[in-house]
Amino acid sequence: MKEKIKKISYLTGIGALVGAALGILSNDILRLYPALASSQAYQKSKEALYAIGFREGLIRYVLIAPLVEELVFRVLLMVGGEKLLGRKVKNTTLLHVILVTLSALAFACYHGNMVQGVYGLVAGVLLAMMWIRSKNLLPIYAMHALANLSAYLLERNPEYWDRLDNISLMLTLLLVLIGNALVSGKVVFGNSEQHLL
Numbered sequence: 020m021k022e023k024i025k026k027i028s029y030l031t032g033i034g035a036l037v038g039a040a041l042g043i044l045s046n047d048i049l050r051l052y053p054a055l056a057s058s059q060a061y062q063k064s065k066e067a068l069y070a071i072g073f074r075e076g077l078i079r080y081v082l083i084a085p086l087v088e089e090l091v092f093r094v095l096l097m098v099g100g101e102k103l104l105g106r107k108v109k110n111t112t113l114l115h116v117i118l119v120t121l122s123a124l125a126f127a128c129y130h131g132n133m134v135q136g137v138y139g140l141v142a143g144v145l146l147a148m149m150w151i152r153s154k155n156l157l158p159i160y161a162m163h164a165l166a167n168l169s170a171y172l173l174e175r176n177p178e179y180w181d182r183l184d185n186i187s188l189m190l191t192l193l194l195v196l197i198g199n200a201l202v203s204g205k206v207v208f209g210n211s212e213q214h215l216l
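Going by our numbering, the sequence shown opens with residue 20, and the numbers climb by one from there.
To be clear, the hints were calculated from the coordinates, so they are not data collected in a lab. Some hints here could point you the wrong way.
[To be verified] Below, computed lysine to aspartate or glutamate pairings styled on EDC-like, alpha-carbon distance capped at 20 Å:
id: 1; residue 1: K154; residue 2: E101
id: 2; residue 1: K65; residue 2: E75
id: 3; residue 1: K23; residue 2: E174
id: 4; residue 1: K63; residue 2: E174
id: 5; residue 1: K154; residue 2: E22
If you're wondering where the values come from, they're calculated on a predicted model, not measured in any experiment.
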């Protein structure tokens, strides 16, 4: 039991870091390439973001939406998919690739526009991989909520970008390194490997 709590705590912390970095990175990309954010569908979704108050937005986009979306796209879709496809696909790795792909594509399409769809695809892959790794709602919720929180705060307060310019590259690198550790499940130190889980 102690090992399971330790594993879930570790994965929740990793999820929160990856989520925050992902939210910052997505806003950074939109700021650097404003043409990406000029689509009408994206602008409509951005207007909806500003149409509600700040506190209501935090509750809606940071607390409620990640919980509901993770229950649907990771827990229900992936658990149901594993039960349905698990009988036919005996290779666990192949099954996981299929489930990650289906979950990420569904999550991307759900977002309803190309800009958020591409972000949703990348986030969906990371969230699905975290679900496979943890089989627990807490790490994927933390990842999703922190991604939404950082994106929401930066979207609502663009002046923060002046303070973040120097660290966005570092956060991107952190996201890549953590994602790699998540995928491989181990960290390499010199010539030896230490398994994370």
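Problem set entry | Holds or violated: K154 to E101, with C-alpha atoms at most 20 Å apart | holds, 12 Å
Exercise. Does E174 lie within 20 Å of K63 when you go C-alpha to C-alpha?
Worked result: holds, 14 Å
Exercise. Between K23 and E174, is the straight-line Cα distance small enough, at 20 Å or below?
Worked result: violated, 36 Å
Exercise. Given the proposed pairing of K154 with E22, does the C-alpha separation stay at or below 20 Å?
Worked result: Holds, at about 14 Å.
For this session: Take the C-alpha atoms of K65 and E75, compute the straight-line distance between them, and say whether it is at most 20 Å.
Result: Since the Cα atoms of K65 and E75 sit roughly 15 Å apart, the hinted pair holds (cutoff 20 Å).
Of the numbered hints given earlier, the model fails hint 3 alone.
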